[in-house]
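Student: In case you want the letters, here they are:
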Amino acid sequence: MLDTLVQGVLLGGLYCLFALGQSLMFGVMRLTNTAQGDFIVLGAFAAIAVLGALAPALPDNLFAPLLAIALLLPVAFAFGYGLQRHVLNGTLGRDPLPSLVVTFGLGVVIQNFLLEVFSADPRSIETHGLNTESVAFGGVAVGVLPLAILAIAIGATAALQWLFGSTRLGRAFRAVSDDKEIAELMGLDARKVYALATAIAFALIALAGVLQAMRTTVSPGDGPLLLLFAFEAVIIGGMGSFWGTLAGALLLGITQQIGFRLDPGWGIWLGHVVFLAVLVLRPQGLFPKTRG
Amino acid sequence: MARLLEAAGLTAFYGDAQALFGIDFGLDAGEVVAIIGANGAGKSTLLKALTGLVPAKAEQIRFKGQAIGGLPPGEIVRRGLALVPEGRRLFASLSVEENLQMGAFARRRGPWNAERLYKLFPILAEKRAAPSTSLSGGQQQMAAIARALMSNPSVLLCDELSLGLAPIIIKEIYDAMPAITGEGMSVVVVEQDVAMARKVSQRLYCLQEGRVSLHGASDRLDAAQISHAYFGV
Numbered sequence: 001m002l003d004t005l006v007q008g009v010l011l012g013g014l015y016c017l018f019a020l021g022q023s024l025m026f027g028v029m030r031l032t033n034t035a036q037g038d039f040i041v042l043g044a045f046a047a048i049a050v051l052g053a054l055a056p057a058l059p060d061n062l063f064a065p066l067l068a069i070a071l072l073l074p075v076a077f078a079f080g081y082g083l084q085r086h087v088l089n090g091t092l093g094r095d096p097l098p099s100l101v102v103t104f105g106l107g108v109v110i111q112n113f114l115l116e117v118f119s120a121d122p123r124s125i126e127t128h129g130l131n132t133e134s135v136a137f138g139g140v141a142v143g144v145l146p147l148a149i150l151a152i153a154i155g156a157t158a159a160l161q162w163l164f165g166s167t168r169l170g171r172a173f174r175a176v177s178d179d180k181e182i183a184e185l186m187g188l189d190a191r192k193v194y195a196l197a198t199a200i201a202f203a204l205i206a207l208a209g210v211l212q213a214m215r216t217t218v219s220p221g222d223g224p225l226l227l228l229f230a231f232e233a234v235i236i237g238g239m240g241s242f243w244g245t246l247a248g249a250l251l252l253g254i255t256q257q258i259g260f261r262l263d264p265g266w267g268i269w270l271g272h273v274v275f276l277a278v279l280v281l282r283p284q285g286l287f288p289k290t291r292g
Numbered sequence: 001m002a003r004l005l006e007a008a009g010l011t012a013f014y015g016d017a018q019a020l021f022g023i024d025f026g027l028d029a030g031e032v033v034a035i036i037g038a039n040g041a042g043k044s045t046l047l048k049a050l051t052g053l054v055p056a057k058a059e060q061i062r063f064k065g066q067a068i069g070g071l072p073p074g075e076i077v078r079r080g081l082a083l084v085p086e087g088r089r090l091f092a093s094l095s096v097e098e099n100l101q102m103g104a105f106a107r108r109r110g111p112w113n114a115e116r117l118y119k120l121f122p123i124l125a126e127k128r129a130a131p132s133t134s135l136s137g138g139q140q141q142m143a144a145i146a147r148a149l150m151s152n153p154s155v156l157l158c159d160e161l162s163l164g165l166a167p168i169i170i171k172e173i174y175d176a177m178p179a180i181t182g183e184g185m186s187v188v189v190v191e192q193d194v195a196m197a198r199k200v201s202q203r204l205y206c207l208q209e210g211r212v213s214l215h216g217a218s219d220r221l222d223a224a225q226i227s228h229a230y231f232g233v
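Chains as they are written, first to last, in the working numbering: chain V, 1 to 292; chain C, 1 to 233.
In case anyone wonders, no lab produced these hints; they're calculated from the structure.
Treat the numbers as computed from the prediction; the structure is a model and nothing was measured.
Idealized CB from N, CA, C, for every residue including glycine.
Misleading hints may appear alongside valid ones.
Chain V stretches covered by chain C per the calculated footprint, using a threshold of three residues with CB under 8 Å from any CB of chain C [as the list claims (entries may be wrong)]: (1) 175 to 183; (2) 187 to 196.
Okay, derived cross-link-like pairs now, DSBU-like style, lysine-lysine, Cα gap no bigger than 30 Å in a straight line [what the hints assert, rightly or not]: (3) LYS192/V x LYS199/C; (4) LYS127/C x LYS180/V; (5) LYS180/V x LYS192/V; (6) LYS192/V x LYS57/C; (7) LYS171/C x LYS119/C; (8) LYS171/C x LYS127/C; (9) LYS199/C x LYS180/V; (10) LYS171/C x LYS57/C; (11) LYS180/V x LYS64/C; (12) LYS199/C x LYS171/C; (13) LYS119/C x LYS57/C.
Modelling step: build the complete structure from the supplied sequences, incorporating the hints.
Tutor: Dropping the structure here:
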């Protein structure tokens, strides 16, 4: 039982990274990025492609995936900024449908692009045994890589919460989220603020993609399932709260692990059941953003 | 001499519905002007057009000699026009202090800063770390005025300061006005309370159905004239 809980928490760490970008974009501009999962997979394949191209020049150790992350994060940041500035800003408004349709379309484009370039074969990033290493805690074997991913997820959540609560940019994020018109009256350019939020979300998406490909395999059709996990984590945790997103992700991870333990076919299904139960019993999520 | 702020033949629309039908309006430096009128007369729309929240044609609004009609709101606040919006509209997830900091985003130089505003409205200093939603209506209005003053405007536009507030609170808020105009700032107040509007202003405009129905020195207009201009009967 303890083992199941621990593995669930570790899985939840990964889901948290899937979900943080979603939580950020929804929190700042009420935009649901339905291509979230596909962008995570795109990030993973971008890393795989970069590592493949640079393979002859790279040392044969863990330095390679770290380099991929270091290279990819600024590119993803710039990509997210440009995407928001030139595409997604045009879809925002009272009606949520345009942004849903556009991001859904982007998802389809990404899936087919990846299928065309990389084929349907699952791929992964070589970790030189890191993904099978483990340490023992009181009789429970804990994977080193999943533990590192959990630590990164907690660190990223804390960093986002700090950014939101204690910085000038975070204040701007909250202000445009509260009242865009008045924020613009103060001299803020909401389109730029939105672009910065998406830029940060895409850096997190790229990070999640690389870690996913290190932990397991990715294939071009994985996106929608990853989106579902991200979405469920955000909804269970409560919209607009990053600690809530982390809690939602951990709960989803634990539930899925319990399901897998009961029957290998039940894991993901049980996750959906808990998600639906939260929607019915507590639609605002477990830890909605509190005001006052 | 050209006026500090001037609207000439100003028209404004919400979609296909016209809200302003050729408003002529002027404000000199150091002046307090009141705008009165019934609900739907176009008072708030006039302020929104002046601050860029409602589109206007460039030449219809001149500020410091330059055409500013239709500029984005952020550009207008950087030139020195600040609005205290109707219904306060503080940022709900920001503290009182953070709301004031947002007001300073335009980064204009001038006499106003958080410390001085806390002296003007001591209750805000006490509640600076509190969420803006925890303030009473009157305190929220003070915070909204302080937020607008943080941009050090040369013209402060106040939309319905007294909306939903108790008379004693309204008096408290208007008592701060001399300290604000004492800095040479020009103020436009939109008011439902005609007596208060006449008391605080030097000149007065009355709007009716999107047009100026009366205009003159606040202490020279008699009650019958105002009543006629206000209700149109």
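Student: The structure should be examined with respect to each hint, and the outcome stated for every one.
Tutor: Structure-based check of all given hints:
no.	hint	result
1	175 to 183	holds (count 7)
2	187 to 196	holds (count 3)
3	LYS192/V x LYS199/C	violated, 43 Å
4	LYS127/C x LYS180/V	holds, 24 Å
5	LYS180/V x LYS192/V	holds, 12 Å
6	LYS192/V x LYS57/C	holds, 25 Å
7	LYS171/C x LYS119/C	holds, 18 Å
8	LYS171/C x LYS127/C	holds, 21 Å
9	LYS199/C x LYS180/V	violated, 35 Å
10	LYS171/C x LYS57/C	violated, 37 Å
11	LYS180/V x LYS64/C	holds, 27 Å
12	LYS199/C x LYS171/C	holds, 11 Å
13	LYS119/C x LYS57/C	violated, 40 Å
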